[in-house]
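Straight run, no breaks: the sequence shown in this note's numbering ends on number 652.
Careful: at least some of the hints might be erroneous.
[To be verified] With a Cα cut of at most 27 Å, we get these calculated DSS-like pairs of lysine-lysine: (1) K589 <-> K628; (2) K628 <-> K649; (3) K649 <-> K603; (4) K466 <-> K423; (5) K589 <-> K649; (6) K589 <-> K603.
Since the hints were made in silico from the structure, they are not lab data.
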Amino acid sequence: MLEIVTVPALEVFDNYYFLIRDTDTGKTAAVDCGGAAPVLAALEARGWDLDEIWITHHHWDHVGGVAGLKAETAARVRGTRHAAPNMPPLDEDLPQEGSFRFGAHEVQVLHVPGHANGHIAFYIPSADALFSGDSLMALGCGRLIEGTAEEMWTSLTRLRALPRETMVYSGHEYTLGNARFAATIEPGNAALKARIAEVESLRAEGKPTVPSSLGLECDTNPFLRADTASVKSALDMADAPDVAVFAEIRARKDRF
397 MLEIVTVPAL
407 EVFDNYYFLI
417 RDTDTGKTAA
427 VDCGGAAPVL
437 AALEARGWDL
447 DEIWITHHHW
457 DHVGGVAGLK
467 AETAARVRGT
477 RHAAPNMPPL
487 DEDLPQEGSF
497 RFGAHEVQVL
507 HVPGHANGHI
517 AFYIPSADAL
527 FSGDSLMALG
537 CGRLIEGTAE
547 EMWTSLTRLR
557 ALPRETMVYS
567 GHEYTLGNAR
577 FAATIEPGNA
587 ALKARIAEVE
597 SLRAEGKPTV
607 PSSLGLECDT
617 NPFLRADTAS
627 VKSALDMADA
637 PDVAVFAEIR
647 ARKDRF
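Produce the complete structure using the sequences and hints provided.
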């Protein structure tokens, strides 16, 4: 069994880090640590030792704490250096596609470019858990900082194909802003209206909106819905290629 803990680091860049603990072996991994202090505090509060650090991509708010954590815990660092030469030192340079074992669990490594060169996601089928970094986010997706719309759309459609019960552990608390933008794309989406109300309630109480279920993302996230007739019609792009519709949504969000 895996226990997953969301570690808020909102003072960094509205970030979330994650701890994953295999309750059978006691092994613990941290995912995407832009700062060491929140992770160390979460570990100390639970009496856990850190064995591994997993990195989805090389941006500072996801790797800035790796050196400090490594120095404090001697944890093994996993990531991929492909197209990302400014990654911190790695103990294991993962292939962009493949898998590794964490206790008794298979962790699949998925190549999901678009936001950052060499961006990967970690999918654990036995736990219905996806650690998506800044590729797929709650009601959003990452900006196209180093990639193209084609790359990101391919990445998102790949993630969308995972089981709907998959829980998406994404890297930022951007959900309220994403929700308000989503409403400009599909104002008549009943599932989206209900989700916006829930997000507003959670944030008013200071509670995280991450993780979210993939099924909910498929029903409400405009970036996953660029190929649906309702979204194309709303954008007056009924006959446009799916990727062109996605690019238009991304461009509108960038201006929002």
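Comparing the hints with the structure gives:
Between K589 and K628, the direct Cα distance comes to roughly 19 Å. Compliance with the 27 Å bound is thereby established for this hinted pair. Restraint check for K628 and K649: satisfied, since their Cα atoms lie roughly 16 Å apart, inside the 27 Å limit. A hinted pair counts as satisfied when its Cα atoms are at most 27 Å apart, and K649 with K603 qualifies at roughly 24 Å. A C-alpha spacing of about 15 Å is found between K466 and K423, which places the hinted pair at or below 27 Å, so the restraint holds.
Annotation: proposed proximity of K589 to K649 holds, straight-line Cα distance about 18 Å (limit 27 Å). Between K589 and K603 the CA atoms are separated by roughly 19 Å; this keeps the pair inside 27 Å, and the hint holds.
Of the hints listed earlier, there is not a single one the structure fails to meet.
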